Structures are given as C-alpha cells and as structure tokens.
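**Student:** Each chain is listed here by its residues.
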Amino acid sequence: MADRVGIEVSVALSDAVKQANVDVIAAYPITPQTHIVEHLAELVANGELDAAYIPVESEHSAMSACLGSAATGARTFTATAGQGLELMHEVLYVASSMRLPVVMAVANRALSSPLSVWGDHSDVMAVRDTGWIQIFTENGQEVVDHVFCAFRIAEDNKVLLPVMIHLDGFNLSHVIEPITFPAQSKVDKFLPPNKYPLPLHPDKPVTMGDFAPPIIYTEAKWAQEVNLRASKEIIIKCWQEFANIFGRQYSPVESYHSEKAKVLLLTMGSFSETAMTAIDKMRGEGKDVGLVRLRLWRPFPFDELRRAVENAETLIVLDRALSFGGPGGPVCSEVKAALYGQAKKPKVVSFVAGIGGRDISPSDFEEIINKGIAISEKGSPNEFEIYGVRE
Amino acid sequence: MQNYGVYVPRLVTKKEPFAPGHRACIGCGEALAVRLACKALGQNVIIANATGCMEIVSSPLPTTSWKVPWIHTLFENTAAVASGIESGLKIMMKKGRIARQDIKVVAMAGDGGTSDIGLQALSGAMERGHNFTYICFDNEAYMNTGIQRSSSTPYGAATTTSPAGKVSIGQVSWKKNMPAIAAAHNIPYVATACPSYPFDLMDKVEKAANTPGPAYVHILSVCPTGWRCPTDLAVKLGRLAVETGIFPLYEVEDGKYKLNFDFPGLKPVTAYMKLQGRFRHLSEDILEKIQKRVAADYAELKERAIEG
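The listed protein sequences correspond, in order, to chains A and B. Using our numbering, count along the first sequence one by one with no gaps and you end on 371. Using our numbering, count along the second sequence one by one with no gaps and you end on 310.
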C-alpha cells in the first residue's frame, strides 16, 4: 500500500485506524458524523479489521464506552464532530483525568443554533480545557500520519492521555486527496501494542475513579497539569521518530516564509494551505509576509510560538470560532497571553472568519492581511473583527 | 431438609469483596445489598459503578472498599462504561492479547442513576445485547445528595424536592416500573430482590451474572436516613415491603414471569408505611388509594406469573 492513492480523507483515516490494529470502536452516527465510522463498520463487517464495534445510542455513551474499553487496556478509537463533541463534554474530562489513552478524530464543525453542520472550530474551542492532547491537521496525509502518532503518544506510559486529531469538517473530512499509506510492517514497528499499566482485571484488582475530598483534589489536578505539559517533549520525540521512519516531519508550531517576515499570519487547520497561496502571491509582489501554523493546540507550545513570532512587527491571528462577549477569537487571546510578558513581541490583530462553513479564499486572506497591517499601523489594536460579516 | 436454615448460611463465602469500614450511614440497607451481591459475584468480576451513595461511601481517595476491580466515571453512563469493558475484554481475548477467562462485567447504580438520568445508556446497552449484569440499588430517592425525589420514589412520599405541604401530598407520581422496562427489552433475565431475603438476593445475582447476555436485577434497599425511620429497621422494612405486596420478589426469565414469594394474604400497606416518616402526613384516603393500587398491581403480576 505504499503507493499514492486518491481517497476521501474520512475513509483514509479509517484505513489508518485499521492499520493501527485498533481493538474497540464506539461511535454514534449522527449530530453530525462523517464517513469515518461508516467505513470502520464496513471494515469490521468484512473481517478486514478485527475489532469490537459498539454502535452506541449517543456520543455521551460513545465516549463512556471508550472509557470502559480503554480501562481494560484495549486500543480504543472513536470519532465525532460538532454537537456530538459537545454532548461528550463531561466525559472528555474523565478520559483525561483518569489517564485513559482514547484516540478520537474530530471533524471540526459549527455549533447550533442556528443549525449548521458546516465547518469551523467552535466545537474544539468549547473542549479546549478538557485535558486532552489536541493536534490540528492540514491535509489528508497529515490526518493519516496522525492516527499512528496519536495512538503512540496516547499509549506511551509516560503520557497516558487521550488525543484528539482535529481535521476540518468538509474542507478536509469530505474531500478526496492523494494519500500515501505506509507499509504495515513500518506501522507495526512505529506503533507497539498497547500496554496499559494498570488495566481492569481480576488478577490485579484496582480501584479507578475515586472521589477526592478538598484535601487531595488540588494535588490530583496539579499532577494532571504537570503530566499534560510534560507530554510535549514526548510528542516532539514521537514526531521525530515518525520522520525517521516515514520521512515526514511535524512540529508544534510550523512556519512558512516566516523567519524574517515583518508581518505574520497565524492559522490552524486546513485553511493554512489556502493561506500559503495568498502568502506566495503577496511575497511575489514584494510584500514581507509569512505564515505561522499552530499544530499543537494542547499542550500549548508557548516557547515554540514565542520563537516563531519574535522577529515580526505584526501578527494577524485568524480564529474560526467566537468567544462571545470575550476578547475575540479564542486562539488569538491565547496567543496574546503567551506573548504578554515578552520584551520583544509583535502587535497582535484578531480576525474571526470561516465560521459555519463560510469559505476563505486566497484573495480573502490577502485582504485580511492588508487590513491587519492597517489596523496594526493605526496603533495598539484591542478589538477583533469578524471578516466579511454583513452587519 | 432438616436444619436447612442453619446449613445454608454456612455455604456462603466468608470473603468480603466489598470490605467493611466504608462510610455508609448507620443501618444502610443498600450497603448490605452491595455486600451480599458482591459475595454472590465472587472474585472474577469487574464492577462499573455510577455516582451515588455506594460510590461515595466506598472510594474516598486514597482509600477503597473494593477488593475486586472497580471503576467509577460519571452518574448517567454506567451501562455504557460496562459495555466498553465487556467489548474490550471480549476482543482482547479473541485476539489473544489477554488469557481467555470468564470475567463477569457488572454495572451498579442507584435508582436515580438507573430510572432517570441513566435510562438511555442502560436501554442502549441492553438493546445491544452486551453480556453484562446491571444491578439497580433502589432506595427510592437521591439519598446521597439530600433525599431528592426520583422517578422511583413511591407515591405520597415526602422528599426534599417533593415535600408534603398544605396543597401537596409529596410525590404525586407512581413509582416507575423499572423491572418492566428492562423486561420490555426482551433480555434473558430480570429479577427483583431485597437484602431482607439474602439467599434469594444472592441466588438472583449469581443467576444474572451467569446468564449470557444482558441481565437486570432491581434491589430494594431500605434507607433509614431518607425514609425517616429508626436505623434498626432496614431488614424489617424490606420484609414488610415484600409481605405487603408493595415490592414483590419475582423473576422474568426469557419473558416468563415467576413470583418467588407469594402470600395467601398480603399485609396492609399501612404496616409498612406507618413505620416511615416520609409517609406520616398521608391521610386515610390516600392510604386507601395506595392500598388499592398495590392490590391491583400485585394481582396483575400474579396473573402474569400464572400465565408463565
């Protein structure tokens, strides 16, 4: 399977899950789903994937079944999007707090109301603080690659945290892309079998999920925070080893002509590739612009981000979600927080665009960048702007 | 058999998978029920426990009362967690990742976690046919959080969210029939039990655990704290609940009803209700209404049992 094939990204993701030899899949098909769970069901039904497929009655139960499965030491996968992710909300905290290495693909979508099944990052931002490792992908190949990386990171006994693979709904989940599948032998080499250290088993009884009185809750949460922060080094190491075997390198913060650029645009997810087209055009016209892509959303890569933007004068952050009544886009407010104490930092301009499936074309990116430069030159920008809104 | 009553208790294991020293209230019928159920389940078991009294009293960090593998995650999702455990074990045994072994998967929850907030997850897990046992420990209200009414609270009972007042008799709805809802899923085994009948309870839990597919056991657990009664009455009230026909003990095996204890004449419901503060405000009219309803329900159950 080492050849490049044209394949729908959701289907490719499922094939990668098969290559990862997953044990249990629990998923609910609606609110809204993708072809990921359909194709996985097909693989199981045809005997191509030896896994238990639990067709649960809601996303809340999907994630709950994943908790039970992961606690037995089974390699566990689920997928969801939009409303489904929100219905899982309280269960997400339990997965990370109990250190259960579930892997979940999230085809990022808008939230009701009004009903919108189209893509944006509202669902992700609402689960930002659930303690999961969260990684954004830009194209189908990255999605496939991150299935292997996600299981390896999650199940690493120094990590033992659940991982979300974010792929933009429709713009990525439903498009056909050229993808190279790795040889199974290489996958097996990269991804060893799951060895959960203390699984639920009568041979060695464990109590999982106690309640914590005030005397111990703070320490439990502190331990969780230390653990999530420390996972960054292991994530970076995993990406390095992935590069050694498969030849594709990933980093927490990735750059595109950004090293010496005065003006930087920061994006997450599949729109980064569209932004590159705009950056190329503008650079061709002699404009000093570059792109920074935030791949690792949690744990937040503070040092890497600071280094990536320290030489710029203006940083334009594009959010695909709104923090209502707040400081603008959630990503921008985090970027601002990361830069606040820095002696040398760019002016930060916040734009919200591409919500509820509205497209952002290369010419839109050009306009966003030009507007951002203008706002930045006017002085210290505090407000945010919803790009292209008809007021 | 002569001396049967003396001989049988000696057959019960002395092992206590649910260890003493937990923080249940004095006279708790539910802790007794859990203890008996665990004796029946033995060591080869994994328990998923919902949030509730038994979870809170048994697992304050860093201590535990559980000598068997036990997991608590949330309130409403216990059946779903159990289905994940069952599926995980099954596939890993199939793939040779763990040794083949008969491990019982058991979900435990209170009446609120079962008949209210956990009903959807339970229905889903029963419908999917997972090989697991679900035990509902029914103390007829949300006792852990301060005696709030659930859909399993009996008609006329005063709780903190169905208080008796000048214009209210307390709980105005009749107790939700959870065993019937479970049986409506066409699962192979449904039973009701009460720790006042310990051997019957242990038999049923063991039978449920050994039934392939989903099994549901509904255990009435007297709560002196919430029922407003003396702390030495848990066993007596459990017996009276059965003897008055308020909580009949029966099984539904492959759809066939079997009444385990039948009484030629049921005791009046007042024999049970007058001992509890939660019913003390009820007028004779209401008590009469309850008596009629209990008699009718019992007759209907008996008819079903005769039909088989």
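Hints are not guaranteed to be accurate.
Stated by the list, open to error - Derived BS3-like pairs: lysine-lysine, alpha-carbon spacing no greater than 30 Å straight-line:
#1 Lys178/B <-> Lys175/A
#2 Lys178/B <-> Lys69/B
#3 Lys169/A <-> Lys92/B
Claimed, not checked - Quick list of simulated restraints, FRET-style, between CB atoms:
#4 Glu363/A <-> Thr163/B: 45 to 53 Å
#5 Lys260/B <-> Pro177/A: 41 to 49 Å
#6 Glu22/A <-> Pro214/B: 23 to 31 Å
#7 Phe263/B <-> Pro173/A: 20 to 28 Å
Keep in mind the hints are simulated off the structure, nothing from the lab. None of these values were measured; they are calculated from a predicted model. Even glycine gets a Cβ: it sits at the ideal position worked out from N, Cα and C.
**Student:** If a hint holds in the structure, say so; if it does not, say that too.
**Tutor:** To see whether the hints hold, each was checked on the structure:
1. Between Lys178/B and Lys175/A the CA atoms are separated by roughly 44 Å; this puts the pair beyond 30 Å, and the hint is violated.
2. At most 30 Å may separate the alpha-carbon atoms for a hinted pair to count; Lys178/B and Lys69/B exceed this at roughly 33 Å.
3. Restraint check: the Cα-Cα separation between Lys169/A and Lys92/B comes to about 26 Å, which is no more than 30 Å; the hinted pair holds.
4. At about 46 Å, the beta-carbon gap between Glu363/A and Thr163/B stays in the expected band of 45 to 53 Å.
5. Checked against the hint of 41 to 49 Å, the pair Lys260/B and Pro177/A passes, with Cβ atoms roughly 46 Å apart.
6. Checked against the given bound of 23 to 31 Å, the beta carbons of Glu22/A and Pro214/B, roughly 28 Å apart, stay inside it.
7. For Phe263/B and Pro173/A, the Cβ-Cβ distance of about 52 Å falls outside the hinted range of 20 to 28 Å, so the restraint is violated.
Of the numbered hints given earlier, the model fails hints 1, 2, 7; all others are met.
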